[in-house]
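**Student:** Here the protein sequences come in this chain order: A and B.
First residue of the first sequence? That's 623 in this note's numbering, and the numbers climb one at a time after it.
First residue of the second sequence? That's 207 in this note's numbering, and the numbers climb one at a time after it.
No lab work stands behind these hints: they were computed from the structure.
Accuracy of the hints is not assured; some may be wrong.
To be verified - Footprint (simulated), chain A over chain B, 3 or more residues, beta carbon under 8 angstroms: (1) 312 to 319; (2) 428 to 437; (3) 492 to 501; (4) 578 to 589.
To be verified - Estimated spans, in silico, between C-beta atoms of each pair: (5) A464(B) to L775(A): 24 to 34 angstroms; (6) E1161(A) to P650(B): 50 to 60 angstroms; (7) W381(B) to R809(A): 33 to 43 angstroms.
Unchecked claim - Some chain A residues flagged as far from chain B (calculated, every beta-carbon gap over 12 angstroms): (8) M649; (9) L775; (10) Q1219.
Ideal Cβ placement from N, Cα and C applies to all residues, glycine included.
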Amino acid sequence: MGFLRNWPFLLRALGPAGPVLIVSLTMVRLLERIVPAVTALALAALVGVLAPPAAPGTFASALPPILVLGLVVLGGHAGEAAAAPLEYLARSRIDGAHRERIGRAASGSRGIAALEDTAVQVLLRQVRADPEHGVESTPGGGAVAALRWTCGLAGAVLTCAVLARFAWWLVPVVLVPAAANRYLRHRWSLTGADRWRLAIRGELHADVWRRASVSPGESKDVRVFGLGDWMVDRMQGHLVEANKPLWSHIDRTLRLQWLPLALVLAGLVPAYLLVTHGAVSGTTTVTVQTAVLAAGWSLYQALGSSADLFHMAGAARILSSTAELRRRLAAGGTVPESVRPEPFAGRVSMVRFEGVSFTYPGTDSPVLDGIDLEIRTDELLAVVGLNGAGKSTLIKLLCGLYRPTAGRVTADGVDVTAMPAERWRSRLAVMFQDFNRYELSAAENVLLGRAGPHDPEALEAAAEESGFAEVLERLPRGWDTPLSRGRTGGVDLSGGQWQQLVLARALYAVRGGGVPASLLVADEPTAHLDVRTEFALFERLARRRRETGIVLVSHRLSTVRRADRIVLLDGGRVTETGTHEELVALGGRYAGMFAVQAERFRTGPAGARGGEGSA
Amino acid sequence: MNRHLSLWCEVLRLSWRTAPGLTAGAYAAVAVSVAAVAAVGLSLRAAVDATAQGVAGTALLGAAGVAGAYALILVLHDLTAELVGTVSDRTGRMAVHPRVHRDINAVRGLEHLERGDFLDRVSLVRRSTGLIARSGWNAVLAVAHVLKLLVTVALLSGVDPVLLVLIPLAAVPVWCDHRGQRLVERAEVEGAEAYRVQQHLFDTLVSAAGGREVRVTGAADRLLRLRAGAWREAERVRFRARAFAALWTLAGWTVFVAGFTGGIALVVRLATEDTGGVGDLVLTVMLAMSLRQTMQSTVATAAEATGMRRVIEPYLWLRDHVRAERGRGAADGPAPDALSRGIALDGVSFTYPGTGRPALDEVSVLLPAGSVVAVVGEYGSGKTTLVKLLLSFYEPDSGRVLVDGRDLGRVSTEGWRARASAVFQDFGRFHTVFRETVGIGDLPRIRDREALRGAVRAADAGALLDRLPDGWETQLGRELGGTDLSEGQWQRTALARASMRGDPLLFVLDEPTASLDAPSEEAIFRRYMERARAHAAGTGAVTVIVSHRFSTVAGADLVLVMDRGRIVESGTHGELLALGGRYAELYGIQARAYAPASAPRE
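For reference, chain A alone in the conformation it holds in the complex (with noise of 0.2 angstroms):
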């Protein structure tokens, strides 16, 4: 039984529950379990007072072990009770810890590959210990009910003890069967779990039709293109697709209950004829009696529910599952041992890309080809190209989130790779199209832009240069302001605010803790911008340039043309570079781009009316 083989790793895992809990936890469960076996002893002598013909006093006499009797009911009661918020603070520890070493894991890693790595996405969603989220069991859970599954052990000690008083050989004609039973059970609950999930997976593609019908964007195509009974329709043959297995797997289990019912039967008849059958010619008392009856059955429970056994089972394999995530985050490279000493006194004048190429883990073509270009950090460097030219890649290597197939990155002639991280990172800002939206005050949002100290000064003047002053002006509780609706008091920002936030969060990060940020990396950074705002913004970055150079990626080339220098990323490589006039002059690929731009604001958009709107 697997669960025996577990049993010391989960009772292990109530480590991070604490001594004292644990502790008491286990006095309290174990009061409750006994109770059974217990009650039957004080009601048995009850009876034995009782059997002979009632004398005077007798009722005196019965006093006792009526008072022993209300006693152990109560105290079962007491446990059952206290037992309740004992195992919530054990379990929600327990899983606090849990989830804190994932995340820290998880997070860990110095290349982003493995989070990307679709093995690892579904390891973390189960391990991920998040009842709240569908997922059945958690570390705590299973390490609560191991506990539970061991004090239940003892009050099956003591009913077998209640047991053997009549003969030993009772024990195993009750013992055998119960254990059957709950084996029986175990294994249909286990198989059960099995169809759950494979039901759980194939709900994903109901899941689709089902968020449709609420998330704000496609609610309106739903409601447009006439969309609603037919999603439903799709949705519930996709809910009955899933489900088959699990639905038949239980129809055979409830066709199958006579199994579990002859078990019992198979234990409790004898036992409890033979008892009788003593007790009537006299080889043993009616106090024997009563105790065998009123305990036996109870050794059918004592050996643990399903549910326990489920939790059990699940813990487990929750537990197996984290130790093989984090075999797979650490292959994913760490920092290497032989830190070098500081490559760079404060500021990186230099990064070069030297023959990157790059291709994505099982993919064959390579997204980055042999790519060289070097990158001051006194300059304005626009980085263009077409979709799926490479571009957003190119930012990844810059930041050290991958490690290039071919070729290094380096700062000053340092491989980018072969230093600390963090060490790089600091050296970075940079503005992700999509970046993080935190749900937490507007502060926290700018302050999560670096790691280190508070820096309240760099703060204001970060909100001032980027201009998220104005915005802040209007939040209610200003910078204390959570930035999600779903919080209290808390707001949402318009995708151009958030914008301005995330520049704020990057000029925060420029100013650093001591040297300012050697270069601002920023990917798409007006995308949700009006015109206005989005040439203030581009004034704002490109002033800083002398002190931190600036890669901006951008496929409007309005924005730029006034860039220091452009290059232009083509099939993986960089086919052009130059200023704007020098591109232009080349009449090459960048040429026709700001052609076809610039071409709708002399004549309009081809195919119209075009030519009464020459500027």
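Dock chain B against the given chain A, drawing on the hints supplied.
**Tutor:** Coordinates of chain B only, in the frame set by chain A:
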């Protein structure tokens, strides 16, 4: 209460229709479990009394009866739970689930999805269809518990009527427990915000999308600390409530056990005075013990019912909402076959519920049949609201939308939308196969290869299609084992979807090319302008383009410049430039940026 009752009956009827065998089994299991309660006590008494009197036959029969009754109780305990669980689950999934979603989708407007309080209720209902089904069965279980209590009452009063006092005493722990559970529920809500924050931070830390920025900024440590803090905050609130609840529970049981012990003493007294036998004692103890279990189950059922009220109330609300909307008499006027005059807004005002400032403020304008209309303006100026009103997503607070003179409020919403098509800025990303994500743009032609190919061509998505590993049948979305698309690629699929309908009267493009590179944007605009002209020639269709890029809109027949919910300028591109107002100013900024030799570099 009545509404709940009829909901329960409805759910049970649905169960019968969905799974008749299981439903019958569940009723049977519940009924037998009531009988088993009495069987245990009675056969125990018979066995013990007969043994004491030395009557072997009765004693053995009684013992076998005890074994049988216990076997039934043990098996039925699990079996009832399993049967009721699975019947509820299947009824929820197969019968309630589609109803709820049909109801949600039947609401014509968008209010219920855009207002936080509405959305909370809708999402709750949608995720809890199993619970709704369960609520009916919960009522059945409650009835069974009451029957068990009645059986117990009858048996106890047979021993001595004084013992009946145990029944009200047994209600004390139920009441106390209920008090405690209320504390726990309140704490669940109180701790929910901290818990959600914790969830969000965890997801950010472990996802690839969030992990990139976390790594580069070095924010991991701080995020971990904030997460742990939020977790502990939720834990603190919720533990405290559970501790108090435990005290309530304990107090309740103390009262009951005191009464129980007194009752036992009474029975013992009767036995010593020779008016009762030891069998009565055993019967009383066993009944009292099962009374405790019955009460506990009743408590659990009641607690569950409280939990379900949280789901049922919003569900009833949703049904009323839908019914009210249907009752208001859905307009059934037909949509016109073609437009001759155009679409007019006549003094239209609209304020989002719960906000103070009108999103549209007395807007009157004619979008002439056969024209391409561009709507420009800064963020929050009301552009998207305007097009949403054109598609009947909202009803104007005042004023009317007129389609060739017909009030849109009197035209069937479904009929009108069937003659429209749209791509929104936050277009849908349907993670299904590519063929379908495009094809749902025109359901009757979802399998029409020619239409699909045409739509893909119109959206310039041919290259995207060629790159998909399984072509048309490629599953989209990595979590479903398919292919992930980039932002720009999703946008193209949305454009293709919107191009499925052949002859729309209204075609809306809301910031359709934000994520596309210049040549793609250009290609797409050329195509859509051509399409617009073609539609216009056929049916007098109106194309509305919302954009903040001026390059996009210069070719429109009519440009509407919006500011704070009003149309502040309107005319052709040329007229607006000549006007020298806001449009000219904003256009100038962009145009200068593309001017040949005037690069404004420092």
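**Student:** Which numbered hints does this structure break?
**Tutor:** Violated hint (a single one): 10; every other hint is consistent with the structure.
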